[in-house]
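Residue numbers (this note's numbering), protein chains in the order written: chain A, 1 to 559; chain B, 1 to 403.
Simulated from the structure, these hints should not be mistaken for lab results.
Check each hint, because a few of them may be wrong.
Have a look at the derived ranges for each label pair, beta carbon to beta carbon [claimed, not checked]:
no.	chain 1	residue 1	chain 2	residue 2	range
1	B	G356	A	S2	27 to 35 Å
2	B	G356	A	S121	25 to 33 Å
3	A	M103	B	L122	30 to 38 Å
4	A	G433	B	G163	42 to 50 Å
5	B	N183	A	F49	30 to 38 Å
6	B	E182	A	W447	50 to 58 Å
7	A	S121	B	E149	34 to 42 Å
8	B	H42	A	L25	29 to 37 Å
9	B	A108	A	L351	58 to 66 Å
10	B	G368	A	K476	53 to 61 Å
11	A	W520	B	L47	37 to 45 Å
12	A	F49	B	A100	53 to 61 Å
Just so it is clear, CB atoms sit at the ideal spot from N, CA and C, and this is done for glycine as well.
Below are the chains, spelled out letter by letter.
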Amino acid sequence: MSWLLTLDHKRIGLMYMGGVCLTFLLGGVFAVLLRTELIWGGQTLPHVFGNSWESQYNQMFTLHGAVMTFLFIIPAIPAVIGNFALPLMLGAKDVAFPRLNLMSLYCWFGGAVFFVWVLVSGGLDTGWTFYTPYSTTTSTNVPAATLGAFVLGFSSILTGVNFIASIHMLRPRDMGWFKMPLLMWALYATAVIQILATPVLAITLLLLFAERIMQIGIFDPALGGDPVLFQHFFWFYSHPAVYIMILPALGVTSEIISVFSRKHIFGYKFIAFSSIAIALFGFIVWGHHMFTSGQSVYINALFSLLTMSVAIPSAIKVFNWLATMWRGSIRLDTPMLYAMGFIWLFTIGGLTGLFLATLNTDIHFHDTYFVVAHFHYVMVGSTLFAFLGGMYHWFPKMFGKMYDERHGKIAWTLTFIGFNLTFFIQFIAGSRGMPRRYADFLPQFHWYHVISTLGSYVLAVGLFWVLYNWIQGLRKGPQAPANPWGGNSLEWHTNSPPPHLNFDRDPHGVDPYRYDDWKWDESIQGYVIRDPEKDDPAYTGADGDPLPGEPATPAESHH
Amino acid sequence: MSDHEPPAPQDAPETPDPHAQGGGGSAHGHDHEHHGPDHLAHHFDSLEQQTEANKLGMWACLVTEVLMFGGLFLAYAVYRANHFPVFEYCHWFLDTKLGAINTVVLLASSLTMALGVRAAQLGQQKLLLVMLIATFMGGVGFMGIKSVEYSSKFSHELWWGQGNLYYPVAKKNAYYDKTVNENLGPDQPRQAWTEADRTYRIYELENYYFNYKKGVDWFTPHYIPPEYRVDPKDYAYHGGPADPPPAPAVSVTAPSASARAAADPQDDAQHAAPQPVVGLAGMTSSDIGSPAYGPSGVSTALGDVAIEGLEPDHGHRTHYTWDTLPEAERERVHIFFQIYYAMTGLHGIHVVVGMGLIGWLIFRAAAGAFGPTNFDAVEIVGLYWHLVDLIWIFLFPLLYLIH
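Looking at chain A on its own, in the form it has when it is part of the complex (with noise of 0.2 Å):
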């Protein structure tokens, strides 16, 4: 039990690990029963909760959008990688408050404990964005829904704090701004928004809560309020909310796009400037959730154009990943194999976020599946194969233990069927206009969901597969060696796993990028440090990094 009263960022990690773990199974439960549910028109399912069998339906998708928003997405990567690989990243001994790291991870439990109070007592079925007046009406149990996201937002906002003071004030000295890995300007953008926009957040939930428990009319427009207004605070977070999701996700893909290429990143500036510009303008363009809300056409044609303009900087990554990729001795592994995933289900995501910006057709596009289609190829088909590859690819740093390759080959593969077959079809059935969040549908969409939800069948197993996959290296996985990938950033210049004060030597800044100092090592399978006149006589090593393990003056010519 000395886990739960641990400052070790390490562990604190690794619990976020198991909790969102715990959660994500719990909303893959609900979209699995939600899918079943729909692969016939009319009744599937038993009707064991809920009114009627709709309202149990509605019950589903609420639970599933909810707890995979608040209790899984938006904590995944920063709380679970971010954490571990963090301090790190930047060569320090741990976060820069530990105990508030740890609180924030109490929050978390506290949040998923309401969570799971509301799924025994009464339900949720408002949908995860509890839009006003339904919200303040319905019987099922708003207020214990609205305190857990509110402990949650805390969890987010602590994790963010943490994250900023850590990125300014604990690198080495000699690691400038442009010498960290980019999964920091990537961490550092996702925890600027985290502190601006969670507390907005916190506010729209509790005048929420007392607008339900006292009736009062803020919202409800019986009794003089404005529903709209509930909307834009809502969407004033919710919409950076997303971007908490993808920001770290585009980090992490940076990371193993060149790591996997061994081949510096092509850009790491405009990559490093996107990722900023991208959490400024994520607060913007909140307006484009509610186009059709009766805003006035003059604000909704600026939602539409800034809304836009947040495709340039999420291109720029793109293209600059591509250019990495280009002449680079790519080496297919599972987390390569994920994020290349990762570029091709985000550009669709993205691609067909543009729809959405765009005002006539988001008109025909709004509340049907091609909305549900977009963000589940941004927050599943990218987050969260970012995830998965991020997982994967600092397995061998956490546990010091190896995966199975060729199982994990296999689970991408069903995964990555899976995903599509599921999602990629409701592009299709949304635009010919089956609306989303309805228990029943007309037939002539019953193909649709038939194909849809045997996708989500074999998404389901592609995902136990990966979980298998995990448990497997875990308990009976061979040694990982420090560095099995060959990258330059600082975790892999210590054990795997790390001691507990990460480094026993004070690292110091390296071009996280260079990975000609690195060589292959049969016998441990893993890359050791090269030795220049071993190993090369004719390498120098100097482009004024220090080679690793030297001290830090520049290094003498080996010719």
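With the hints as your guide, set chain B onto chain A.
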């Protein structure tokens, strides 16, 4: 450089450090004795770094607080822009004098807090303790005055939510059924809240607040400057409390068309036809936006555009009463009180949290924990307290000084 031989993978519990070699950097991680003073955390290299990190972390937290209150300020701004008469009408129920005293108290406590930080920096233990206690007392004073204000409102039924006197009549009956009627025996008559009841009580309240001790000076509670006072003959309620008004028409519709037309000629067009129920039972979606109900959400005070029933006051100091309040606004009066309680209540919670933090500092200062090299905690709690003060500085004019 590397003279390690690759180990047998199964034997070693972990792979050797790729940098293992003699000499080189110091093994910093294991040398706890010389790391630094006790209050230097193990993951920081120096006290300066720790102090800078602590301050940055606190500023980041303050930013989150600003954003959270910002949301409330936004709700305030939207409602005030769209329903200005309500805000003008209701803010007279707030006691400006007590609010001003609260402002001075908080400012003074910020001063003592800053002096406390300085005392910590200079190592003046006793002064630090005195200043911290003074700041704490400032918080106590603030909460005390706030409780006086709140209790005076509660005694006049100016609650948040359904208990509020101004809560829409039809909805309030549901509340009565739950709170009052369920405790009555089967023989006792059921109580219901009628429009007439409410109007009478509102007139009583207005008489108390608007005409309290007429003619006395600025230091009296509920002082209203002479130019704002309402002549009692403008009330439908004539005479003093001992002279109850003639029973108003016991109907749940608005005052008669002719009475309203007499009070405000511009309302002629609006009140030419009998108006539907002001209480909102039976409201349908088509009623939203109808002139009788009033638009919801979109501001009507756009420049000089005159919308019936919601004219902007063009800088004239109007002082609304229940009779002159536009119909559409009458059902929204309770929202002001919710916003008031939400803003001041959330602020009050932050004051209490701040007092807790200062209390913790007092304990530590009494034990002599702070000095010229260790005053981080005092400084960052000071930052928090200054923010709490700053938020009140914004709240006070927005809520109390609307006129």
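Outcome for the supplied range 29 to 37 Å, where the beta carbon pair is B/H42 and A/L25: 36 Å, holds
Range agreement (Cβ of A/S121 with Cβ of B/G356, hint 25 to 33 Å): Holds, at about 31 Å.
Range hint compliance [Cβ, B/A108 to A/L351, 58 to 66 Å]: 59 Å Cβ-Cβ, so the 58 to 66 Å window holds.
Assessment of proposed distance window 50 to 58 Å (beta carbons of B/E182, A/W447): 55 Å, holds
A/F49 and B/N183 - C-beta distance against the hinted 30 to 38 Å: 34 Å, holds
Whether the CB-CB distance between B/G368 and A/K476 falls inside 53 to 61 Å: The hint (53 to 61 Å, Cβ to Cβ) holds, given that B/G368 and A/K476 are roughly 56 Å apart.
Beta-carbon spacing of A/S121 to B/E149 - inside the hinted bounds 34 to 42 Å or not: 37 Å, holds
B/G356 paired with A/S2, Cβ distance criterion 27 to 35 Å: Since the Cβ atoms of B/G356 and A/S2 sit about 28 Å apart, the hinted range of 27 to 35 Å holds.
Beta-carbon spacing of A/G433 to B/G163 - inside the hinted bounds 42 to 50 Å or not: 47 Å, holds
Cβ separation of A/W520 and B/L47, checked against the hinted range 37 to 45 Å: Holds, at about 44 Å.
Cβ separation of A/F49 and B/A100, checked against the hinted range 53 to 61 Å: 55 Å, holds
Pairwise beta carbon distance, A/M103 to B/L122, judged against the given window 30 to 38 Å: 32 Å, holds
The structure agrees with every numbered hint stated previously.
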